[in-house]
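S.K.: So the sequence lines, in the order shown, correspond to chains U and Y.
For the first sequence, counting from 1, position 78 maps to 78 in the numbering used here; every step adds exactly one.
For the second sequence, counting from 1, position 236 maps to 236 in the numbering used here; every step adds exactly one.
Bear in mind the hints are in silico, worked out from the structure with no lab data behind them.
Predicted model only: the values in this text are computed from it and were never measured.
For each residue, glycine too, the CB sits at the ideal point set by N, CA and C.
Hints may be right or wrong, so weigh each one.
[What the hints assert, rightly or not] Short derived list, chain Y residues pointing at chain U, Cβ under 10 Å:
(1) I10
(2) H12
(3) I19
(4) G26
(5) Y30
(6) S38
(7) L40
(8) E63
(9) Y139
(10) V219
(11) T221
(12) F247
(13) P248
[Claimed, not checked] In silico BS3-like cross-links for lysine-lysine, where the CA-CA straight-line distance does not exceed 30 Å:
(14) U:K213 - Y:K56
(15) Y:K243 - Y:K138
(16) Y:K243 - Y:K99
(17) U:K56 - Y:K213
(18) Y:K56 - Y:K32
(19) U:K213 - Y:K244
(20) Y:K77 - Y:K99
(21) Y:K213 - Y:K243
(22) Y:K169 - Y:K32
(23) U:K236 - U:K100
(24) Y:K78 - U:K244
(25) Y:K43 - U:K236
(26) Y:K244 - U:K244
(27) U:K77 - U:K32
(28) Y:K116 - U:K244
(29) U:K169 - U:K116
(30) Y:K213 - Y:K234
(31) U:K95 - U:K234
(32) U:K243 - Y:K32
(33) Y:K56 - Y:K138
(34) U:K234 - U:K32
(35) U:K243 - Y:K213
(36) Y:K100 - Y:K213
(37) Y:K43 - Y:K95
(38) U:K213 - U:K234
(39) Y:K244 - Y:K99
(40) Y:K243 - U:K243
Number of protein chains: 2
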Amino acid sequence: MALWYYEDYIPHYRLGLEIKETLFLGNSLYQKIQVVDSYLYGKVLLLDDIVQTTEKDEFMYHEMLIHPALLTHPQPKKILIVGGGDGGASREVLKHPVKKVKLVDIDSAVIEISRKFLPELGNWNDQRLEVLVEDAVKYLALSEEIFDVIVMDSTDPLPSGVAEPLFSKEFFQSVYDHLSEDGVLVSQIEPPFFQPEREQRHWESLNMFPLVKVYWGLVPTYPGGIWTYMIASKGKDPAASFKKLSFPTRYYTPEIHRAAFALPPFMQERLSKKP
Amino acid sequence: MALWYYEDYIPHYRLGLEIKETLFLGNSLYQKIQVVDSYLYGKVLLLDDIVQTTEKDEFMYHEMLIHPALLTHPQPKKILIVGGGDGGASREVLKHPVKKVKLVDIDSAVIEISRKFLPELGNWNDQRLEVLVEDAVKYLALSEEIFDVIVMDSTDPLPSGVAEPLFSKEFFQSVYDHLSEDGVLVSQIEPPFFQPEREQRHWESLNMFPLVKVYWGLVPTYPGGIWTYMIASKGKDPAASFKKLSFPTRYYTPEIHRAAFALPPFMQERLSKKP
Numbered sequence: 001m002a003l004w005y006y007e008d009y010i011p012h013y014r015l016g017l018e019i020k021e022t023l024f025l026g027n028s029l030y031q032k033i034q035v036v037d038s039y040l041y042g043k044v045l046l047l048d049d050i051v052q053t054t055e056k057d058e059f060m061y062h063e064m065l066i067h068p069a070l071l072t073h074p075q076p077k078k079i080l081i082v083g084g085g086d087g088g089a090s091r092e093v094l095k096h097p098v099k100k101v102k103l104v105d106i107d108s109a110v111i112e113i114s115r116k117f118l119p120e121l122g123n124w125n126d127q128r129l130e131v132l133v134e135d136a137v138k139y140l141a142l143s144e145e146i147f148d149v150i151v152m153d154s155t156d157p158l159p160s161g162v163a164e165p166l167f168s169k170e171f172f173q174s175v176y177d178h179l180s181e182d183g184v185l186v187s188q189i190e191p192p193f194f195q196p197e198r199e200q201r202h203w204e205s206l207n208m209f210p211l212v213k214v215y216w217g218l219v220p221t222y223p224g225g226i227w228t229y230m231i232a233s234k235g236k237d238p239a240a241s242f243k244k245l246s247f248p249t250r251y252y253t254p255e256i257h258r259a260a261f262a263l264p265p266f267m268q269e270r271l272s273k274k275p
Numbered sequence: 001m002a003l004w005y006y007e008d009y010i011p012h013y014r015l016g017l018e019i020k021e022t023l024f025l026g027n028s029l030y031q032k033i034q035v036v037d038s039y040l041y042g043k044v045l046l047l048d049d050i051v052q053t054t055e056k057d058e059f060m061y062h063e064m065l066i067h068p069a070l071l072t073h074p075q076p077k078k079i080l081i082v083g084g085g086d087g088g089a090s091r092e093v094l095k096h097p098v099k100k101v102k103l104v105d106i107d108s109a110v111i112e113i114s115r116k117f118l119p120e121l122g123n124w125n126d127q128r129l130e131v132l133v134e135d136a137v138k139y140l141a142l143s144e145e146i147f148d149v150i151v152m153d154s155t156d157p158l159p160s161g162v163a164e165p166l167f168s169k170e171f172f173q174s175v176y177d178h179l180s181e182d183g184v185l186v187s188q189i190e191p192p193f194f195q196p197e198r199e200q201r202h203w204e205s206l207n208m209f210p211l212v213k214v215y216w217g218l219v220p221t222y223p224g225g226i227w228t229y230m231i232a233s234k235g236k237d238p239a240a241s242f243k244k245l246s247f248p249t250r251y252y253t254p255e256i257h258r259a260a261f262a263l264p265p266f267m268q269e270r271l272s273k274k275p
């Protein structure tokens with residue numbers, strides 16, 4: 001008998017993956033956590049029944065989340081990752097010659113389950129990585145540390161979800177205040193055609209930054225097949241900061257970086273002006 | 001009670017759309033034809049249970065199928081469309097100052113149903129358009145006409161499907177022979193991660209052309225969310241033929257054209273060499 005997992009994320013739309021087996025199913029303090037082994041995408045991590053990352057295509061998401069931001073800062077040394085408990089974002093950051101990476105995730109269970117079932121996603125033993133199990137809102141409110149790049153790799157801002165406070169105007173101001181002179185913020189946002197109102201709110205919350213841009217990349221497991229990212233810079237233009245990297249990549253190239261900022265008119269219309 | 005349509009196209013993967021109602025369901029001589037009204041994508045045309053086009057995102061597919069090819073030929077006057085019975089490809093071609101467009105589709109029922117239920121897809125009354133209900137393989141074998149651009153807008157080459165003969169080495173040779181000196185062929189191919197062997201076969205079948213390139217574009221309703229196109233040119237380089245169009249578009253821009261040819265390394269690996 002075939003076993004199917006269905007994701008009901010976008011209204012009136014459903015994604016189905018045929019599953020070999022469920023490797024883990026449990027509840028943390030914050031959310032339902034599940035790891036399944038799928039035929040098409042290998043192991044899949046789900047939080048509250050939403051696909052977060054899959055073995056087969058996580059590299060597309062994590063490379064595009066990290067490399068444009070790290071190249072936009074002229075010399076990124078201190079990096080903060082908000083969320084990112086699966087380890088993929090910090091793994092990509094650590095490929096750069098950074099000095100310190102702080103990963104602040106509220107849910108230790110996501111980190112433990114990811115390390116156990118998706119160990120290839122993380123580079124957990126790198127001495128430059130410090131993992132803090134904390135609420136990022138409180139963490140930043142109490143900290144005076146300054147970062148060169150802040151990466152938001154959280155779940156989506158669902159009204160009742162654990163990540164909702166991370167998408168408030170106040171939190172973005174706090175992020176801005178914790179960024180160095182040429183500091184860069186990058187966040188995953190949602191696919192552009194399903195929920196434009198969330199994209200718009202995010203865009204407007206970043207109006208303290210002199211430069212805010214949207215770019216996109218392929219992630220076949222996400223609804224609609226692409227994912228969009230919003231990047232805000234105090235200094236260099238992210239769209240012009242493409243560069244050949246000194247390590248191998250499977251998705252990122254300077255040409256892809258440049259191409260990712262070319263948006264079709266139906267997306268541009270909403271986002272061509274400064275927020 | 002909710003009514004869901006599920007597409008089982010890629011093994012172990014399923015796309016579900018919630019449907020308001022079925023507008024048409026019948027069988028032609030060649031295939032099952034269905035038009036449904038969906039909440040998310042408006043009206044959807046399905047052939048043999050596979051989504052072909054939807055009201056909401058058909059512009060993304062048709063603009064990217066047509067404009068790069070029409071701009072690659074220095075002066076496209078005579079255009080052949082193989083398939084394209086829904087009318088979208090010819091509608092985009094007719095926005096250019098072409099003299100003659102021949103649409104050769106084997107299945108008159110697809111044309112009739114599309115004209116009735118998706119009339120906004122076509123520009124059926126343009127005097128430059130000639131519609132022929134014929135097998136394109138036989139049509140080209142018997143014709144001595146020469147075209148500047150040939151567009152393949154058929155269903156996919158499923159082993160038992162009506163479009164299978166359109167993907168033979170012999171047919172591509174026949175297409176080549178019916179192209180003018182700077183002639184261009186463009187075909188939709190499939191998303192690059194699910195069925196690389198079909199892409200490879202297509203690539204190798206085009207080795208008589210001096211230039212063959214792959215590019216991609218977004219089509220949220222298709223599995224994986226992007227679609228790839230293969231373009232073969234006897235003359236100009238398609239990747240360098242981007243240009244501002246004289247009419248409005250919702251997806252195509254010169255920047256998008258250029259960006260569409262930037263492929264991530266995991267796709268490039270297979271297709272960087274001449275076939």
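S.K.: It remains to establish, for every hint, whether it holds in the given structure.
M.R.: Do the hints match the structure? See the list:
1. I10: At 7 Å from the nearest chain U Cβ, I10 of chain Y passes the 10 Å test, so the hint holds.
2. H12: 4 Å, holds
3. I19: 9 Å, holds
4. G26: It is violated, given that the least Cβ distance between G26 of chain Y and chain U is near 25 Å, above 10 Å.
5. Y30: 28 Å, violated
6. S38: Given a least distance of 7 Å, the restraint on S38 of chain Y holds.
7. L40: Check passed: Cβ of L40 of chain Y comes within 4 Å of chain U, closer than 10 Å.
8. E63: 9 Å, holds
9. Y139: 34 Å, violated
10. V219: 8 Å, holds
11. T221: For T221 of chain Y, the interface hint holds, since the closest Cβ of chain U sits about 9 Å away, which is under 10 Å.
12. F247: 12 Å, violated
13. P248: 8 Å, holds
14. U:K213 - Y:K56: With a Cα-Cα distance of about 25 Å, the restraint between K213 of chain U and K56 of chain Y holds, given a limit of 30 Å.
15. Y:K243 - Y:K138: Status violated; Cα separation ~35 Å.
16. Y:K243 - Y:K99: OK: K243 of chain Y and K99 of chain Y at ~20 Å, within 30 Å.
17. U:K56 - Y:K213: 25 Å, holds
18. Y:K56 - Y:K32: Distance of about 22 Å is within 30 Å: holds.
19. U:K213 - Y:K244: 23 Å, holds
20. Y:K77 - Y:K99: Judged against 30 Å, a Cα distance of about 5 Å means the pair holds.
21. Y:K213 - Y:K243: 18 Å, holds
22. Y:K169 - Y:K32: Judged against 30 Å, a Cα distance of about 27 Å means the pair holds.
23. U:K236 - U:K100: Holds, at about 22 Å.
24. Y:K78 - U:K244: 42 Å, violated
25. Y:K43 - U:K236: 44 Å, violated
26. Y:K244 - U:K244: 29 Å, holds
27. U:K77 - U:K32: 34 Å, violated
28. Y:K116 - U:K244: 52 Å, violated
29. U:K169 - U:K116: The given pair, whose Cα atoms are some 35 Å apart, is violated under the 30 Å limit.
30. Y:K213 - Y:K234: This hinted pair holds, its Cα atoms lying about 12 Å apart.
31. U:K95 - U:K234: Holds, at roughly 23 Å.
32. U:K243 - Y:K32: Outside the cut-off at roughly 50 Å; violated.
33. Y:K56 - Y:K138: 34 Å, violated
34. U:K234 - U:K32: Roughly 37 Å between the alpha carbons, so the hint for K234 of chain U and K32 of chain U is violated.
35. U:K243 - Y:K213: 24 Å, holds
36. Y:K100 - Y:K213: With Cα atoms ~26 Å apart, K100 of chain Y and K213 of chain Y stay inside 30 Å; holds.
37. Y:K43 - Y:K95: Between K43 of chain Y and K95 of chain Y the Cα gap is close to 23 Å, so the pair holds against 30 Å.
38. U:K213 - U:K234: 12 Å, holds
39. Y:K244 - Y:K99: 21 Å, holds
40. Y:K243 - U:K243: 25 Å, holds
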